[in-house]
Structures are given as C-alpha cells and as structure tokens.
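J.: Below, each chain spelled out in residue letters.
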Amino acid sequence: MRYAAGVDVGSTQTKAVIMQDDGHEKKMIATALVDTGANVQKAGGNGFAAACKEAGIAPEQVGYVVGTGYGRYKIQFGNTQMTEISCHARGAHFLFPNTRTVIDMGGQDSKAISIGPEGNVLDFVMNDKCAAGTGRFLGNAADVLAMSLDDMGPFSLKGKNPVKITTVCTVFVESDILSYLAQGKKAEDVLSGVNLAIARRTVSLARRVPVEPAITMTGGVSRNVGMVKALEDVLGVTLQISPLAHFAGAIGAAMYALEKVNEGSEAGNGEGAHAANRGN
Amino acid sequence: MMEVLSPNIERTFDQCAELLRDLTFPTVAAWKQEHPGAKVIGYFPVYAPSEIIHACGMLPVALHGAGDGLELQHADARFGSFICSIVKSTLELAMTDRLAQMDGLLFSTICDSARNLAWVIKRNQPGIYVDFLHLPHNPNGTASHHFLVSEYRRLIGHLEELSGNKVTDEALRNSIAIYNENRRLLSRLYDFRMEHPERLRTWELYVLMRAGNFVPVETHNEWLRGVLEELPGRSGKKRDAIRVVVEGSFCEQPPLDLIKVMEEAGCTIADDDFILGRRWFNADIPVEGDPLMNMAESYQDRSVYSSVRHDFRNPRHKQLLEKVKHAKAQAVVFLTAKFCEPACFDYVLFKKELEAAKIPHLPLEFEEKAYTFDRFRMEVETFVESLLFE
Numbered sequence: 001m002r003y004a005a006g007v008d009v010g011s012t013q014t015k016a017v018i019m020q021d022d023g024h025e026k027k028m029i030a031t032a033l034v035d036t037g038a039n040v041q042k043a044g045g046n047g048f049a050a051a052c053k054e055a056g057i058a059p060e061q062v063g064y065v066v067g068t069g070y071g072r073y074k075i076q077f078g079n080t081q082m083t084e085i086s087c088h089a090r091g092a093h094f095l096f097p098n099t100r101t102v103i104d105m106g107g108q109d110s111k112a113i114s115i116g117p118e119g120n121v122l123d124f125v126m127n128d129k130c131a132a133g134t135g136r137f138l139g140n141a142a143d144v145l146a147m148s149l150d151d152m153g154p155f156s157l158k159g160k161n162p163v164k165i166t167t168v169c170t171v172f173v174e175s176d177i178l179s180y181l182a183q184g185k186k187a188e189d190v191l192s193g194v195n196l197a198i199a200r201r202t203v204s205l206a207r208r209v210p211v212e213p214a215i216t217m218t219g220g221v222s223r224n225v226g227m228v229k230a231l232e233d234v235l236g237v238t239l240q241i242s243p244l245a246h247f248a249g250a251i252g253a254a255m256y257a258l259e260k261v262n263e264g265s266e267a268g269n270g271e272g273a274h275a276a277n278r279g280n
Numbered sequence: 001m002m003e004v005l006s007p008n009i010e011r012t013f014d015q016c017a018e019l020l021r022d023l024t025f026p027t028v029a030a031w032k033q034e035h036p037g038a039k040v041i042g043y044f045p046v047y048a049p050s051e052i053i054h055a056c057g058m059l060p061v062a063l064h065g066a067g068d069g070l071e072l073q074h075a076d077a078r079f080g081s082f083i084c085s086i087v088k089s090t091l092e093l094a095m096t097d098r099l100a101q102m103d104g105l106l107f108s109t110i111c112d113s114a115r116n117l118a119w120v121i122k123r124n125q126p127g128i129y130v131d132f133l134h135l136p137h138n139p140n141g142t143a144s145h146h147f148l149v150s151e152y153r154r155l156i157g158h159l160e161e162l163s164g165n166k167v168t169d170e171a172l173r174n175s176i177a178i179y180n181e182n183r184r185l186l187s188r189l190y191d192f193r194m195e196h197p198e199r200l201r202t203w204e205l206y207v208l209m210r211a212g213n214f215v216p217v218e219t220h221n222e223w224l225r226g227v228l229e230e231l232p233g234r235s236g237k238k239r240d241a242i243r244v245v246v247e248g249s250f251c252e253q254p255p256l257d258l259i260k261v262m263e264e265a266g267c268t269i270a271d272d273d274f275i276l277g278r279r280w281f282n283a284d285i286p287v288e289g290d291p292l293m294n295m296a297e298s299y300q301d302r303s304v305y306s307s308v309r310h311d312f313r314n315p316r317h318k319q320l321l322e323k324v325k326h327a328k329a330q331a332v333v334f335l336t337a338k339f340c341e342p343a344c345f346d347y348v349l350f351k352k353e354l355e356a357a358k359i360p361h362l363p364l365e366f367e368e369k370a371y372t373f374d375r376f377r378m379e380v381e382t383f384v385e386s387l388l389f390e
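Those sequence lines, one after another, are chains A and B.
The working numbering puts the first residue of the first sequence at 1, with every later residue one more than the last.
The working numbering puts the first residue of the second sequence at 1, with every later residue one more than the last.
Calculated from the structure, these hints are not laboratory results.
A hint or two may mislead.
Claimed, not checked - Interface residues of chain B toward chain A, partial, derived using beta-carbon atoms under 10 Å:
id, residue
1, T168
2, D169
3, R173
4, S386
5, F389
Unchecked claim - Residues from chain A that keep clear of chain B, each with C-beta distances beyond 12 Å, as calculated:
id, residue
6, G37
7, V121
8, M126
Keep in mind that this is a model prediction, so the values were computed, not measured.
Even for Gly, the Cβ is constructed at its ideal location relative to N, Cα and C.
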C-alpha cells in the first residue's frame with residue numbers, strides 16, 4: 001500500500017489530503033481542513049497531521065508530500081512544492097476526469113486553466129492587479145448591501161431584472177450599488193446585476209485560453225449559487241462543481257505526490273523521485 | 001569613477017546592479033569631472049548611433065527609465081494612463097533635473113510614444129538640446145542607406161556644433177572598431193551563458209551589460225575582458241529547469257528582481273533580447289571604407305531584429321524560431337512591457353509561429369515599478385511544471 005499527501009496552505013484555510021494506491025486503484029482516503037492563522041508553517045504541519053489521523057496512518061507511512069498554495073514554501077516537511085494552478089488542474093481532473101477547462105475563483109484572485117486529458121496544464125491566465133471576479137469583490141458588495149456572503153447567492157437568484165453595472169472595479173462598484181438602491185431598485189436585482197457583470201469579466205479573462213467543455217469550477221466562489229448561475233448564463237453551459245471543490249488544490253498536490261511515490265517504487269529506492277530543485 | 005571593478009567577480013555583478021539603481025548617474029558625473037567641457041548625450045533605446053557620439057568626443061549614455069526608484073509626480077499629468085513606464089519615467093527624470101548632466105538627448109523612430117516623448121521633453125525643458133533620428137522603415141533598395149547617411153550627417157552637424165569638435169572619418173573608424181570590440185565581447189559572454197548557464201546567471205550578464213551604458217565603451221571593454229577571464233574558473237550548481245528564450249524587453253527593462261525570479265522559478269535563460277543585448281548588430285560594422293555608409297548598411301542589413309525594425313526580407317517571427325533552435329531552448333517567455341505597442345503587436349505574430357512549430361510559450365507583462373513578484377513566480381513555476389511534469 002502506498003500513501004501520498006497534498007497540503008494546500010491557503011491564505012485563510014489549509015487543506016490536506018491523503019491518497020492511497022493499492023496497485024489497482026487510486027483513492028482519496030482522508031481530508032483535513034484547518035485555519036491557516038498567523039503561523040503558516042505550523043498550519044501546514046497541523047493539516048498534514050490531521051489528515052494522517054483521519055486516514056489512520058502514521059506520517060512516516062506517507063511516501064511523498066507535495067505542498068501547494070501561497071504558503072507552499074513554508075512546508076518544511078514536504079518533499080517538493082508545486083503551484084496551485086498545476087494542482088487545481090490536476091485536482092479538477094481527479095474530481096471530474098472529463099474536465100478541459102478549470103475556472104478557479106478564490107478570495108484574492110481568479111484563474112482560468114486549460115487542461116489536457118491527463119489533467120496536465122496546457123495554458124492558463126490570471127487576473128492582473130484587479131480584484132474583479134474574486135471573493136474580495138463579492139465581499140465588498142455584500143458589505144454595501146449589509147448581507148452575509150452565504151446569503152448573497154440564494155438572494156441574487158430572486159432578481160428578475162438585473163441592473164447594468166458601469167464598473168467592475170471592487171472599489172467603485174460601491175457607488176453603482178448605492179446609486180441603484182437610492183433609485184429604489186430591488187437589492188436582488190442589483191446583486192443579480194453585479195453577478196452578471198463579474199461573470200462577463202471572468203469569462204472574458206477565461207477566453208484568453210481555449211474555454212472548452214467540460215468546465216469545472218473550483219475555489220471558494222463556487223459555493224455562491226448566484227455567481228455560478230451567472231457564469232452558466234454567460235457561458236451557456238452547466239458548470240461541474242464538486243462538494244470537494246475546496247480541496248481541489250490539495251487533491252492535485254496529492255496526485256502529483258502519488259506519482260512520485262510510484263516512480264520511486266518502480267526505481268526501487270522506495271523514497272520517491274527527488275524533488276524539483278529550483279533553488280540557487 | 002568605476003574604472004576598475006572589484007577583482008571579486010561576485011562583487012563585480014553587485015557593483016553593476018548598484019550602478020543601475022543609482023539615478024544620480026555617478027559615473028557620468030565622474031567622467032565630466034575628468035573631461036572638463038566635454039559633453040554627454042543621453043540616448044533613448046534602441047539602435048542609437050553611439051559610434052557617432054563617441055567619435056565626436058562625447059559620452060553616449062543610455063536612457064533606460066528610472067526602474068522602481070522614482071515616484072511619478074509630473075509625467076502622469078502629461079501622459080495618458082495607457083503609456084508605457086519608460087516613457088513616463090524618462091520624462092520624470094528630465095522634469096526633476098536628474099538628466100541635468102546630459103547636454104543633449106537623442107531619440108529615434110521606434111514607436112509613437114518615444115516619438116512624442118522627445119518633443120514633450122523639449123516643450124517642458126526648452127533649454128536642453130533634443131534631437132531626433134529618423135531610422136528608415138523600408139529595407140528594400142539602397143535609397144534607405146543614402147537616407148540614413150543623410151540623417152547621420154544632419155546629426156553630426158548638430159553634435160559638432162554642441163561639442164565644438166569635428167567628426168572625422170578616422171575618428172568614426174576608430175569608434176566603430178571600439179564598439180565592434182564591445183559587441184564581440186558581449187557576444188562571447190552570451191555564448192558562455194548559453195553553454196554554461198549555471199556558471200553565469202542571466203541577471204549577472206544583464207547587469208554587467210547594462211552597466212556599460214553608463215561608462216565609456218573603453219572602460220566597459222576592460223570590464224568585459226576581466227569577467228571573461230574569470231568565468232572559466234567559476235563553478236555553478238545545475239538545477240532542474242527548462243531552457244527558454246526571453247523575448248520582448250528590447251526597450252523598457254523589467255525589474256531586476258523579476259529576472260531573478262524567472263531563474264529561481266526554474267527557467268534557464270539561454271538567450272534574451274534585453275536592450276537587444278546592446279549588440280544591435282549581428283556582425284561587425286566594416287571599419288574600412290565610408291564609415292557612415294558602413295553604419296547605414298549595417299543598420300539596414302545586419303542589425304539584430306526587434307519589434308521596432310521592419311524587415312520583410314527576413315521576417316522576425318522566422319528569426320525568433322532560429323534563435324530558439326540555436327539556443328536549444330524548449331520554450332519562449334514573452335516579457336513585454338505593459339502598453340508597449342510594438343511588442344504587443346508582435347506577440348500575435350510570434351504566438352502564431354510558435355504554436356505552428358509546437359514551441360510552448362508564456363506571456364508575461366511587466367511595468368518598471370513592481371516590488372512583489374509572487375504572481376510572476378506562480379505563473380513561471382506553473383509554466384515550468386507544465387513542461388517538466390508533462
């Protein structure tokens with residue numbers, strides 16, 4: 001039995017996943033979610049330990065650990081690091097093997113990734129110096145409407161006449177929202193308009209890579225049903241969203257780690273192939 | 001003046017990097033002190049005829065913007081938000097008197113922004129001599145040679161008036177020979193880096209090359225010879241990396257840390273076009289014969305391709321493929337300045353050609369001013385991973 005782990009140290013939460021390969025099947029046997037907090041290094045260790053406990057295995061049994069996320073270089077116990085783009089692509093492929101495009105909308109950035117049949121990255125694009133289309137944008141809109149992020153999605157679905165938004169600037173959208181509210185527009189129509197504006201912007205970004213079906217959405221914003229609906233309306237297709245979308249990065253990292261464990265076993269050293277040495 | 005760099009090669013590169021960051025142009029001030037009454041010409045990239053300025057007894061100094069060292073307080077009020085950083089920061093340098101040591105500024109027809117910069121500076125600093133060299137855009141036939149010679153003659157007339165020196169054919173031939181030597185030395189360094197990238201990092205080659213823009217060419221030649229002597233004894237650690245060609249930074253220059261991030265993130269840069277390598281020509285400019293005609297012919301027929309020189313006889317997208325092949329590179333990284341129209345137009349041309357040849361590429365857009373590079377690092381690492389783990 002071979003075990004591998006992926007640890008995704010995000011800005012707010014750390015996700016860890018244990019993969020198992022019994023020679024016939026690759027299976028995810030444990031997930032763990034811990035708050036990252038101020039000590040990024042500790043968060044990675046805690047997430048990994050929690051996932052091992054959940055899997056009922058000792059950390060020493062894990063043959064290879066790949067770290068990802070913004071805190072990936074702080075994972076001292078890991079064997080190597082990979083970017084969240086590579087890992088999200090691989091994770092989305094694990095969750096939905098027919099995935100050819102990944103739209104990842106997170107708290108601080110949004111990305112579109114074109115992937116090959118094996119989950120390999122073919123092309124990708126990220127937002128640049130602009131928070132439009134990110135959780136941060138939606139958070140600002142929620143603040144102006146005095147609404148929680150969780151309520152925003154279902155509430156926006158009630159909007160029947162979405163308003164037109166002049167700007168997708170995270171700062172200036174506030175003026176638009178206040179202006180419409182002052183005109184007596186319904187909050188659900190305003191929110192629905194905000195979602196559509198963001199969806200159009202995100203799809204414009206995504207179209208810089210080939211947007212081919214099937215499209216899988218990952219990242220925290222995938223939990224916002226209003227945003228998902230707006231994206232589906234703009235794209236004209238249904239998005240694949242897994243309940244484990246939050247873990248896509250960690251899953252992808254664990255899949256890469258499992259490959260390394262298997263390569264190492266085939267090479268007979270039992271310790272996995274050496275990590276990519278990018279350092280100076 | 002930094003006549004002699006530190007004998008410690010590591011310190012040499014750090015000294016050069018410090019020189020690039022220093023917006024007081026200390027080497028220029030030192031040169032003026034050593035040459036009372038002598039004049040300095042600042043030239044905007046690229047293809048400036050340094051040989052002519054040198055032959056006139058003047059010091060040619062490249063203007064490469066202000067990097068991340070200057071807050072814009074004047075330039076943003078005079079240029080739209082869609083203008084590239086180097087144009088704005090060069091104007092800011094002029095308007096904050098940081099170009100006061102330059103006795104004249106020289107621009108050429110490389111793009112609309114640069115063309116307008118010349119006269120925006122002139123309008124705002126009426127006391128400074130500003131000249132503009134019209135580089136021919138039609139390479140077919142010899143009319144362009146004659147046109148460029150006439151442009152050189154016009155420039156020489158102005159420079160003679162400014163400096164009080166006469167430019168002779170002999171002086172021009174001497175300058176051409178010295179600059180030929182400079183280009184040969186730089187080419188040897190580029191060849192060494194291509195062969196032993198672990199022993200000469202791109203950021204090191206880059207600062208050494210760029211620092212030469214602030215000192216007399218003779219001094220730079222000494223530095224280059226010194227480094228070339230030291231390099232064979234230098235060791236370096238090989239890394240898991242992909243070999244790439246970096247393309248697109250021929251005028252505005254990326255932050256030095258961005259070049260370092262690219263290397264740290266897993267790119268071995270086998271070739272690049274940073275400030276066109278200051279090589280500008282593929283071969284020596286002939287020394288014998290009519291020097292101005294030799295220079296004009298060299299510009300037209302033997303200059304390094306870039307997005308601001310149009311030669312349909314040997315299209316630049318084909319030359320890029322040749323460059324990739326020669327460098328044994330696996331991929332191309334387009335490192336283009338934000339709002340650089342020539343580079344952005346060419347990206348479409350290059351992208352099509354590379355895709356047809358199945359050569360992967362990564363487009364990156366930079367501005368002079370950037371202090372954090374996490375996003376760049378992630379993009380480059382993902383690109384490297386997509387090739388290493390495919």
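J.: Each of the hints needs a verdict: does it hold here or not?
T.: Going down the list of hints, with the structure as the test:
{"no.": "1", "hint": "T168", "verdict": "violated (50 Å)"}
{"no.": "2", "hint": "D169", "verdict": "violated (50 Å)"}
{"no.": "3", "hint": "R173", "verdict": "violated (45 Å)"}
{"no.": "4", "hint": "S386", "verdict": "holds (4 Å)"}
{"no.": "5", "hint": "F389", "verdict": "holds (7 Å)"}
{"no.": "6", "hint": "G37", "verdict": "holds (20 Å)"}
{"no.": "7", "hint": "V121", "verdict": "violated (4 Å)"}
{"no.": "8", "hint": "M126", "verdict": "violated (7 Å)"}
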